[in-house]
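Trainee: Each chain, written out:
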Amino acid sequence: KAGVTQTPRYLIKTRGQQVTLSCSPISGHRSVSWYQQTPGQGLQFLFEYFSETQRNKGNFPGRFSGRQFSNSRSEMNVSTLELGDSALYLCASSLVGQGAEKLFFGSGTQLSVL
Amino acid sequence: AQKITQTQPGMFVQEKEAVTLDCTYDTSDQSYGLFWYKQPSSGEMIFLIYQGSYDEQNATEGRYSLNFQKARKSANLVISASQLGDSAMYFCAMREVGLNTNAGKSTFGDGTTLTVKP
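Those protein sequences? They're chains P and A, same order as listed. Counted the way my numbering counts, the first sequence spans residues 1 to 114. Counted the way my numbering counts, the second sequence spans residues 1 to 118.
Keep in mind the hints are simulated off the structure, nothing from the lab. There are no misleading hints in this set.
Taking lysine-lysine pairs in the DSS-like style, the calculated list, with each CA pair at most 30 Å apart, reads:
1) A:Lys70 <-> A:Lys16
2) A:Lys70 <-> P:Lys102
3) A:Lys73 <-> P:Lys57
4) A:Lys3 <-> P:Lys102
Predicted model, so just to flag it, every value in this text is computed and none were measured.
Isolated chain A, as found in the complex:
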């Protein structure tokens, strides 16, 4: 079974500073993908970044980067130069990769609420 743990229920960061949101995972699968999603107060989840378990380099997408440490089973999200619009809930998620019986299923963590202070 897959499990995602996000240990920070809430985080504060000053505008323009960087912030790291923690995510650890547990899985017996060899091939899997890790995702981060953002959920503003409007409710719609927005994809931010993806990391494959076999990717050797950390993923980056604009101001978002993923600090992937496979041996420690962690996939932390780093947001650089925080903006007021980054205030939202952030979810870490994982899914098996490849044709398998868990097709279509993603497992999510409990989320971290990020507040950016002006």
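Isolated chain P, as found in the complex:
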């Protein structure tokens, strides 16, 4: 069974640009969540999607958005990039995103904003 796939693995952007990151969950998983990981802030929850609906959102500005498609693949978009957006963005999937379900993570997208 293929794992969680995130693309691209690395991205370099400049301030003011926008970026789209992609995440393909494990087959059959309907919950996809996104996390931002930085050395100073640790892992911060961005949002979670289940069956194409955003169920939960973290404390991030509106520049951060996402969506989920009918095949459960998810994308997150960051507009008007700032230097502070430089981070490792991790995507995780699980069957329904509740209870005792463990998360399966992708390898992440390392975003550098210059």
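Please arrange chain A on chain P, whose structure you already have, making use of the hints.
Mentor: The following block gives chain A in isolation, referenced to the frame of chain P:
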């Protein structure tokens, strides 16, 4: 609001010895789950072990065990017989259990970097 605290930024352990990584949590939820994940230098987070708030016995998974003390709100990870491949960052996390408005959200601690010495 949920909060996870990992007070050890870095830990060293000799190969083949046991090590305990600390985790304390704060929540007003009655039903919750506690998780430990390992993050090697490659970046991918790997699930290690799970403990439910109503589980009476401490969870074990191979060389990993979770020392759960509910009254003290602590969920420490114990790794026995450390191996060089255990060198990584370790994260404690929690999530509400059951149908609720926090579905899909996990709260993570800042992590502990473990270095295993040969």
